[in-house]
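Counting in the working numbering, the sequence shown runs from 1 upward without gaps.
A portion of the hints provided could be inaccurate.
Simulated crosslink set (DMTMM-like; lysine to aspartate or glutamate; CA at most 25 Å straight-line) [claimed, not checked]:
1) Lys124 - Asp136
2) Lys86 - Asp103
3) Lys86 - Glu58
4) Lys265 - Glu281
5) Lys223 - Glu171
6) Lys61 - Asp150
7) Lys124 - Asp68
Everything labelled a hint here was simulated from the structure, so no lab data went into it.
Note that the coordinates shown come from a computational prediction; the quantities given were computed from them, not determined experimentally.
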Amino acid sequence: MSSTELPRIRACLFDMDGLLLNTEDIYTTITNSVLQEYGKPNMPWSLKAQIQGRPAPEAVKIFHDWADLPISQDEYAAKIAVKQQKLFPEAAPLPGVVKLLNDLHATTNTSQPVYIALATSSHKRNYELKTGHVQDLFALFPKNRQVLGDDPRIGKGRGKPLPDIYLLALETINQELREKGEELIKPEECLVFEDAVPGVEAGRRAGMQVIWCPQPQILDVYKGREEEVLAGLTGEHKEEEKTDAEKEADDLQKERLAKTDGSGKPGKLNDGYGRLFSTLENFPYEQYGIVIPS
């Protein structure tokens, strides 16, 4: 199925770290500085690919199990928090981001508006550190459509690669449309923008179209498996790892899926719902039925 045969895009949902801002590079710098402090080698990109895009507690656990540092997870988290407070305010938008967001925002009062929402695993404190100096850019996302990783509406253990955060981001838009008496947006009419493999799986499990725009090193890790990533079939979510609390949260998730038409399952190979981009510059709006006013 080609992109021209897919539903017209009515909403764009954005990850943040490594997609809108260069914060993934900052995370890598910070992590490697701690590893060097304890005489450890730099973090391999294969590990980076696993933790990228996940909520911080889960990412820290995966990293800590690999690194075997002589400090606890809490001590490690405290160390990196100090470094993050210094470096996150230096984060900058990645190429093409400013134009893309402004172009989409410009459709707001047209006959074919494209609604935008943010769906980031970053918790409130880090979100503010990363975006405080670029508020003009992030103000393009209405406050009610900024969904953060510690949003209480996301169940415990239900972060990416599960679909909850993207389904919630869509619901923030549909709530507005519901109040206006306008037609609600279906998951397949949403375009998720992601740099991380777990995030791509989250978007596909939400039943949405996805653009994967990874760092070159992440792309190298998945060389030859690109179509698996785009279908959300790399197995980032492992059912057998779920805790009792997470299994309980699954029941709530099923209710949400029923309301949003999301399947909760990944896609199929070469189904056209996922595409790989090397940059967000010169975005092909017309291929998604998006009309930018001149």
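Comparing the hints with the structure gives:
With a C-alpha separation of about 18 Å, the suggested pairing of Lys124 with Asp136 holds against the 25 Å cut-off. A hinted pair counts as satisfied when its Cα atoms are at most 25 Å apart, and Lys86 with Asp103 does not qualify at roughly 32 Å. Taking the CA atoms of Lys86 and Glu58, the gap is near 23 Å; set against the 25 Å cutoff, the hint holds. Restraint check for Lys265 and Glu281: not satisfied, since their Cα atoms lie roughly 30 Å apart, outside the 25 Å limit.
For the proposed pair Lys223 and Glu171, the alpha carbon gap of about 34 Å is over 25 Å, so the pair is violated. With a C-alpha separation of about 17 Å, the suggested pairing of Lys61 with Asp150 holds against the 25 Å cut-off. At most 25 Å may separate the alpha-carbon atoms for a hinted pair to count; Lys124 and Asp68 exceed this at roughly 28 Å.
In the structure shown, a violation is registered for the earlier hints numbered 2, 4, 5 and 7, in ascending order.
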